[in-house]
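Number of protein chains: 2
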Amino acid sequence: MTTNYRLCLVGFGNVGKAFAQLLLKKETELASRYDLSVTVTGIITGSHGAAINPMGLDLEKALALVNAGEILNSLSSQEAPNETTAFLAACPADVMFETTPVNPQTGQPALTHIQTALQKGMHVVTANKGPVVYGYQDLTALAEQKDLRFMFESAVMDGAPIFALFREPLVGANLISFKGILNSCTNLLLEMMEQGKSLDEAIDYGREIGITETDPSNDVDGWDASIKVAALVTVLMGVPLTPQQVDRTGIRGITPEMIADAKRSGERWKLVCTAERREDHIFSRVAPEKVSPDSPLFSVNGTSSFCQFKLDVLPGLGILESDPGPETTAYGLLADFLNIMEAA
Amino acid sequence: MTTNYRLCLVGFGNVGKAFAQLLLKKETELASRYDLSVTVTGIITGSHGAAINPMGLDLEKALALVNAGEILNSLSSQEAPNETTAFLAACPADVMFETTPVNPQTGQPALTHIQTALQKGMHVVTANKGPVVYGYQDLTALAEQKDLRFMFESAVMDGAPIFALFREPLVGANLISFKGILNSCTNLLLEMMEQGKSLDEAIDYGREIGITETDPSNDVDGWDASIKVAALVTVLMGVPLTPQQVDRTGIRGITPEMIADAKRSGERWKLVCTAERREDHIFSRVAPEKVSPDSPLFSVNGTSSFCQFKLDVLPGLGILESDPGPETTAYGLLADFLNIMEAA
Chain H
6 MTTNYRLCLV GFGNVGKAFA QLLLKKETEL ASRYDLSVTV TGIITGSHGA
56 AINPMGLDLE KALALVNAGE ILNSLSSQEA PNETTAFLAA CPADVMFETT
106 PVNPQTGQPA LTHIQTALQK GMHVVTANKG PVVYGYQDLT ALAEQKDLRF
156 MFESAVMDGA PIFALFREPL VGANLISFKG ILNSCTNLLL EMMEQGKSLD
206 EAIDYGREIG ITETDPSNDV DGWDASIKVA ALVTVLMGVP LTPQQVDRTG
256 IRGITPEMIA DAKRSGERWK LVCTAERRED HIFSRVAPEK VSPDSPLFSV
306 NGTSSFCQFK LDVLPGLGIL ESDPGPETTA YGLLADFLNI MEAA
Chain R
6 MTTNYRLCLV GFGNVGKAFA QLLLKKETEL ASRYDLSVTV TGIITGSHGA
56 AINPMGLDLE KALALVNAGE ILNSLSSQEA PNETTAFLAA CPADVMFETT
106 PVNPQTGQPA LTHIQTALQK GMHVVTANKG PVVYGYQDLT ALAEQKDLRF
156 MFESAVMDGA PIFALFREPL VGANLISFKG ILNSCTNLLL EMMEQGKSLD
206 EAIDYGREIG ITETDPSNDV DGWDASIKVA ALVTVLMGVP LTPQQVDRTG
256 IRGITPEMIA DAKRSGERWK LVCTAERRED HIFSRVAPEK VSPDSPLFSV
306 NGTSSFCQFK LDVLPGLGIL ESDPGPETTA YGLLADFLNI MEAA
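Read top to bottom, the protein sequences are chains H and R.
For the first sequence, counting from 1, position 244 maps to 249 in our numbering; every step adds exactly one.
For the second sequence, counting from 1, position 182 maps to 187 in our numbering; every step adds exactly one.
These are computed hints drawn from the structure, not numbers from a lab.
Computed from a predicted model, the values in this text were never measured in an experiment.
Each hint should be verified, as a subset may be incorrect.
Each pair may be met inside one copy or between any two copies, as identical chains are not told apart.
Unchecked claim - Result set (BS3-like, lysine-lysine): computed pairs, CA atoms no more than 25 angstroms apart in a straight line:
| hint | residue 1 | residue 2 |
| --- | --- | --- |
| 1 | Lys-151 | Lys-125 |
| 2 | Lys-151 | Lys-30 |
| 3 | Lys-151 | Lys-268 |
| 4 | Lys-202 | Lys-295 |
| 5 | Lys-202 | Lys-66 |
| 6 | Lys-315 | Lys-30 |
| 7 | Lys-202 | Lys-151 |
| 8 | Lys-125 | Lys-295 |
| 9 | Lys-315 | Lys-268 |
| 10 | Lys-295 | Lys-315 |
| 11 | Lys-268 | Lys-295 |
| 12 | Lys-66 | Lys-125 |
| 13 | Lys-295 | Lys-66 |
| 14 | Lys-30 | Lys-202 |
| 15 | Lys-295 | Lys-151 |
| 16 | Lys-125 | Lys-30 |
| 17 | Lys-151 | Lys-315 |
| 18 | Lys-66 | Lys-151 |
| 19 | Lys-295 | Lys-30 |
| 20 | Lys-125 | Lys-315 |
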């Protein structure tokens, strides 16, 4: 017997679209392995309108419309509000998937989307770091109170199962510290500098190929890395930490000379994230560090990311994610969904 | 309310002793976080006798006796058979922990120990690759039939949660291939050759410091690595594979000249394990390969191990375990136990 779940998608950018594609691709497998099927009852986007159909939207058509630059509203069987709170009130769903852009300062409006969905009785899966950093404890408590789940595997290291790892696999273990490379943009920029570019040239080229945002500060000044550190500390160490509390140095101080010097001694500059539980506080830092070939950080190339965890029972457990993309983030959303349903 | 579980330990070498120490260390935490306590009702060893006490053996005393080279029988409240089948018949327990030495050819006698324990109604946790390779499907089926669990997290990569990773965290994913360094002895021997030793000198030195066995063939000829490949393929790909079926080349052909050549070009020789699901079969190989600093295998030093998995939904997920020891293997046993009890 197959159980059908109704999903609504808040956000339909690269990750939201990749998730829709993954649902289509895995349809047969979900039925045969997990006895479940899904119906997407609503999609709300930033700039492509919204659509609701309690009987299910046609995902192929939704993808085609958005890829053609059109709005989704023609797919709707009823009026679909363009404002998320009203949309969630109108859309019947068991699970909300939240993939709107990160707001590194406040976590909004994702935080409100998630509260609203939980209040309405939906499980929530997000790829958004913002609400994890600014709302983990409250949202988890709210979810528990409603007998629902708040899940966010894709918020850090894309689809690499960094949060799930600390549930069943690392049961009985206590995290002492971690060290890693968590921001792919700066990792790529430093790599371009190794190929002879200045930081500004690398940023310009990054913009051309679409890996650097118009305002590169979020990456270059270490904010994105700090949000990820804050999310890992908050969830995995159980200590609320904001990105503002992370001792943060970006890569603007790295000169071509420093890159060349490192290269001569066989080393590389990397933007390294660190956190450590100390006696009465959490030490946390994002800063450039020189690493040598005998470090697992050395071979972390391109958009790959890596995090090495030190636990009371394991001196070093490293997780490497190579060549991520929207598809891997989409997988993290699917894994969260399946884990909610397996546990339900 | 705390639930008490009765454990029996079959094997009390480095791993068994480290497990006993971990139980002592985590006693308070097990009670406070998991509402459980444990009583070790029996221990049977290869050369230190056996002891059974249904009210619980004193682990501190057991450790002291064995470390002093004595036998355990003085701790016993009843006759403790020195033969494992009779021992298991006499020892009342909820879970058996099996840590006897690996038999790479047949998996015996561990296979029989585990069957006996399951038949007697005990869950089984083992750190032994043998029964995984030679009995995974039968033992899992027997356990299911008895509403019990057969767990073996520590059989590959010590306490790194390689098998648990493929349960909850990688739900909905399919393993396509993997590549890694899984034998720490050859990794150390190759490192000693990089420091100027011949293979024979490295083996001799390895014997002195206790990392190479008297007959080094199990490691040097790639058998241990092949058993690990077979275990991963059997469990994670769902295709029974024996070590004999792995295309196996050890490190005897690696000369000091080859090591020096690699060093000159900034590369290193590593004993690399590979497996890949192909159309109608599994390709699997253990063989020396030259790796460069941009490979995550390059920085795998000493006794560390690494495995990079390729899945249908994740192009690269690498797991690195650094500096393992009997304590990390012991943690894998504890994690299995807690997961059985959480699921029970």
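These are the hints, each one checked on the structure:
1. Taking the shortest alpha-carbon separations for Lys-151 and Lys-125, only the intra-copy value of 9 angstroms comes in at or below 25 angstroms, while the best inter-copy value is 42 angstroms.
2. In this assembly of identical chains, the alpha carbons of Lys-151 and Lys-30 never lie at most 25 angstroms apart, being 32 angstroms within a copy and 37 angstroms across copies at closest.
3. Proximity of Lys-151 to Lys-268 under the C-alpha cut-off of 25 angstroms is found in neither arrangement, the shortest distances being 55 angstroms within a copy and 60 angstroms between copies.
4. In this assembly of identical chains, Lys-202 and Lys-295 lie within 25 angstroms of each other by CA distance solely inside one copy; the values are 18 angstroms within and 30 angstroms between copies.
5. With identical chains, the CA atoms of Lys-202 and Lys-66 are never at most 25 angstroms apart, being 43 angstroms at best within one copy and 65 angstroms at best between copies.
6. Taking identical chains as interchangeable, the C-alpha atoms of Lys-315 and Lys-30 lie at most 25 angstroms apart only when they sit on different chains, with a minimum of 18 angstroms there against 37 angstroms within one chain.
7. In this homomeric assembly, Lys-202 and Lys-151 never come within 25 angstroms of each other (Cα to Cα): the closest approach is 53 angstroms inside a single copy and 64 angstroms across copies.
8. Proximity of Lys-125 to Lys-295 under the C-alpha cut-off of 25 angstroms is found in neither arrangement, the shortest distances being 49 angstroms within a copy and 57 angstroms between copies.
9. Taking the shortest Cα distances, Lys-315 and Lys-268 never come within 25 angstroms of each other, neither inside one copy (29 angstroms) nor across copies (31 angstroms).
10. Only within a single protomer do Lys-295 and Lys-315 lie at most 25 angstroms apart by alpha-carbon distance; the minimum there is 20 angstroms, versus 29 angstroms between protomers.
11. Taking the shortest Cα distances, Lys-268 and Lys-295 sit within 25 angstroms of each other both inside one copy (10 angstroms) and across copies (22 angstroms).
12. Taking the shortest Cα distances, Lys-66 and Lys-125 never come within 25 angstroms of each other, neither inside one copy (28 angstroms) nor across copies (58 angstroms).
13. Taking the shortest Cα distances, Lys-295 and Lys-66 never come within 25 angstroms of each other, neither inside one copy (49 angstroms) nor across copies (49 angstroms).
14. Taking identical chains as interchangeable, the C-alpha atoms of Lys-30 and Lys-202 are never at most 25 angstroms apart, the minima being 40 angstroms within one chain and 53 angstroms between chains.
15. Within a single copy, Lys-295 and Lys-151 get their C-alpha atoms no closer than 47 angstroms, and across copies no closer than 55 angstroms, so neither meets the 25 angstroms cut-off.
16. For the identical chains of this complex, Lys-125 and Lys-30 are neighbours neither inside a copy (29 angstroms) nor across copies (45 angstroms), given an alpha-carbon limit of 25 angstroms.
17. Proximity of Lys-151 to Lys-315 under the C-alpha cut-off of 25 angstroms is found in neither arrangement, the shortest distances being 34 angstroms within a copy and 37 angstroms between copies.
18. In the homo-oligomer, the alpha carbons of Lys-66 and Lys-151 never lie at most 25 angstroms apart, since the shortest distance is 34 angstroms inside one protomer and 49 angstroms across protomers.
19. Within a single copy, Lys-295 and Lys-30 get their C-alpha atoms no closer than 42 angstroms, and across copies no closer than 37 angstroms, so neither meets the 25 angstroms cut-off.
20. Proximity of Lys-125 to Lys-315 under the C-alpha cut-off of 25 angstroms is found in neither arrangement, the shortest distances being 39 angstroms within a copy and 38 angstroms between copies.
Hint violations for this structure: numbers 2, 3, 5, 7, 8, 9, 12, 13, 14, 15, 16, 17, 18, 19, 20, all remaining hints satisfied.
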